[in-house]
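Chemist: Residue numbers (the working numbering), protein chains in the order written: chain D, 1 to 81; chain B, 1 to 260; chain C, 1 to 116.
Heads up, some of the hints might be wrong.
Only pairs whose alpha carbons sit at most 25 Å apart, straight line, appear in this in silico SDA-like list of lysine to any residue [stated by the list, open to error]: (1) C:K33 <-> D:F5; (2) C:K33 <-> D:D6; (3) D:K80 <-> D:R22; (4) D:K80 <-> D:V66.
Hints in this document: simulated from the structure, not taken from any laboratory.
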Amino acid sequence: MSDVFDVTMLALLIATAVAVARARDLLAAVVLFSIYGLTMTLVWQHRGAPDVAMTEAAVGAGVTTVLFFITIARTTRREKR
Amino acid sequence: MRGWAWLLALAVALPLVVGVAGLPPHDAPDAPIHTHVGARYLERGVEETGMKNLVTAVLLNYRGFDTFIEVVVIFTALAAVLALPRGAVRPASRRRTEDGRGTGDPGAADPDAPAGANAGRLADVDGEVPVSPVVGFVVRLLAPFMALFAIAMLFRGHVTPGGGFQAAAVFAAIFIALGLVMGRARVGRLVSGRAQPWLQAAGPLAFAAVAWAGWRLTGHFLGYPMHDHTAQEAMALVLEVAIGVGGGVILARLFLSMET
Amino acid sequence: MLLFGLDLDYVAIVALFGIGLYMLVAKSNLLKKLLGLNVMETSVFAFLVTAGMVEGGDPPILVAGTGAPFASPIPHAMVLTGIVVAVSVTAVALALIVQIHAHYGTIEVDELKELP
C-alpha cells in the first residue's frame, strides 16, 4: 500500500509540473504550482519529515503563492506564445 | 529555441540519472547517511543539546552557523526589495502606448484574455480586491487560533515538530490572510513603524548576541555549554523567538512592499 | 521505492529537475522562468529528504511513541534552510519583475530583447 501511495504521489508531481509548464494562463500556472507544493508536503510527511512538510505547506501555499498572485495583478495574466 | 531547451534538459538530466544510480537505495537503513555523523546525533543528541527535536538541535546547535547565515540571507532579501525604487509601479490597468503596444485606455481588457465580467483583471484600479463575506468571516474567525498554534509551535519547537521558521511562516500567513481581508492599510499598522526595523533585524541581532554569550560561556563563537541544559534551553529559546518573530515580520513586510 | 534497475524515486526527482530546467530556459515569460526555478528548487529539497529517509522510519524527534529507526535529521535542517533561501530569492525576483513591467510594459524576454 505504501508503494501505491508513493507511485501515485510521484506521478501527480510530474503531471503537475508538466501542467505548470504548459499552462498559458499564468493564474492557472500559479494555482497548479501551489498544488505541486502541497503534494510535496504530503510526500515529505510520508517520509518522516514533519518539520519540513509544515514549513513547505505554510510557505508554498501561503507566502509564495500570494506573492505570485500580487505580481500577476500588477503585470500580465497571459503568457504570450 | 524550444528544441535546444529540450536537448539541454536531457543533457543535464541523463548524467544526473547516471549519478543517482550509484547511490544506495533511498530507504536502506545502512546507507552512509545514517551511519556517520547522523548516528552520533541520534545517539547523543538529546544529552548533548537538551532538545528532543533533533532537527531543531541540528539547526540551532550542531549547525548553528548555517542558520545564522540563513537569517542574514532573508534579511538581505528584504533589504534588496526595499532598496528598489518606489512609486514607479503603476496599476496593471494602464499600459504604455509606445510602439503600439497596448492601448493606454484604463478600461481596455487584455485582447486575448477570456471573456467575462472580470476577465483578465484581478484588481480594480486602486488595487483592492472585493472579498466575499464568507472568506472574511472565516479568516477573522481562524486568525486567533492560527496565532495560538504558531506561538505553541514556537515555544515547543524543541520537543515537537515545529520551531522558529515554521512559526514565522504561519505568522506571515496570518498577516497575509488578514491583509487580504481587512485591507493592507489597516493591517500594516499592526507593527509599529519605529519597532519595525528592529524586529526585522531581530534574527541576525539575536544570533550575534547569543553567539557572543556562547563565546563568553565556552570560549567558542556560538558555542553551547554542553550538559548545562538550562543555559542551552535559554539560548535556543532566544534564537527561536528571534527567528520566528523576525522571519514573520520580514515576510509580512515583503507582502506589504509588493502591494504598492 | 521500486527498483527497475534504478531507484524510481530518484529518477522521478531528476525528471522534475529537468522539467524545471526546461521551464527556466525555454519559456519567454519571466514569471514562467521563476516558476521553473521554484520547481527545480523543490525537486532538490525532495531529493535531500528522500536521501535521508528510512523505510518505516519515524521522524527524528525522540519523544515517547517514536522508536528506531529514525530518519536522519541533517537533510531536514538543510532543506529548511533551503526553503528560506528559495522564498527570499522568489520575493526579490517578483519585486524585480513588477519593476520591469512598470518600466518596459512587458515581461517577455523576447520582447525585452527587441527594446533599444
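Chemist: Could you tell me which of the hints above the structure violates, numbers in ascending order?
Modeler: Structure breaks hints 1, 2.
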